[in-house]
Amino acid sequence: NAGVTQTPKFQVLKTGQSMTLQCAQDMNHNSMYWYRQDPGMGLRLIYYSASEGTTDKGEVPNGYNVSRLNKREFSLRLESAAPSQTSVYFCASSGQEKLFFGSGTQLSVL
Amino acid sequence: AQSVTQLGSHVSVSEGALVLLRCNYSSSVPPYLFWYVQYPNQGLQLLLKYTTGATLVKGINGFEAEFKKSETSFHLTKPSAHMSDAAEYFCAVSDHNYGQNFVFGPGTRLSVLP
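In order, the protein sequences belong to chains A and B. When we follow the numbering used here, the leftmost residue of the first sequence carries the number 1, and every step to the right adds one. When we follow the numbering used here, the leftmost residue of the second sequence carries the number 1, and every step to the right adds one.
Hints may be right or wrong, so weigh each one.
Not the full set, but computed from the structure, chain A residues with beta-carbon under 8 Å of chain B [what the hints assert, rightly or not]:
1) Gly63
2) Tyr64
3) Glu97
The calculated DSSO-like cross-link candidates involving lysine-lysine, where the alpha carbons are at most 30 Å apart (straight line), are [as the list claims (entries may be wrong)]:
4) Lys49(B) <-> Lys71(A)
5) Lys68(B) <-> Lys49(B)
6) Lys49(B) <-> Lys57(A)
7) Lys49(B) <-> Lys9(A)
Which stretches of chain A does chain B cover? Using the computed rule of at least three CB atoms under 8 Å from a CB of chain B, they are [what the hints assert, rightly or not]:
8) 39-51
9) 98-105
No lab work stands behind these hints, which were simulated from the structure alone. A virtual CB, placed ideally from N, CA and C, is assigned to each residue, including glycine.
For reference, chain A alone in the conformation it holds in the complex:
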């Protein structure tokens, strides 16, 4: 009963490095999302994908790219990491009128 699976759980990058956060869901949901969580700011939407083959910008998309590889997988890429991207990242999918979240990726950019 995996639900939404994110990898890695922790990552430390140097400024300018790139990395991809992976997310997969096994609930056959059409819509998937990437959020970032920062203290005192709740969760802010980075990108979302309403269905396979489509992606749209959310509230804070700058510095990120996404790929909806298939119905199950939705990856988030940082091409050139910046300290302002230090955050906790959550992937989610939606179904049954609610969001299902992964356990998060704690990213530090030095």
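Go by the hints and put chain B onto chain A.
Okay, now just chain B, sitting in the frame of chain A:
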């Protein structure tokens, strides 16, 4: 545009005391309303949701919330706090395209004192 405010970034209660976490929202359309809980080092889990129908909504772990349209509020309550309730709680609002327009409040950290 939708928005959510949560009064109090940190609330402390004694074990056995009433828990009241406040949430006010703004929405131009009849909203869907949610409370999520986040335990340390975990993702968010749904506590309860209001979509339509009865305005008093019961969720998991003894929590409930009441939708009050006139006050644009959706406060979360639990009659008797337990140590295991210590967590961060997020109120969220959505229009009926709930995923794409899902807006979270800043969160309230609940501490339960012995």
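- Kindly indicate which numbered hints from before are broken by the structure, ordering the numbers from low to high. Of the numbered hints, 1 and 2 do not hold.
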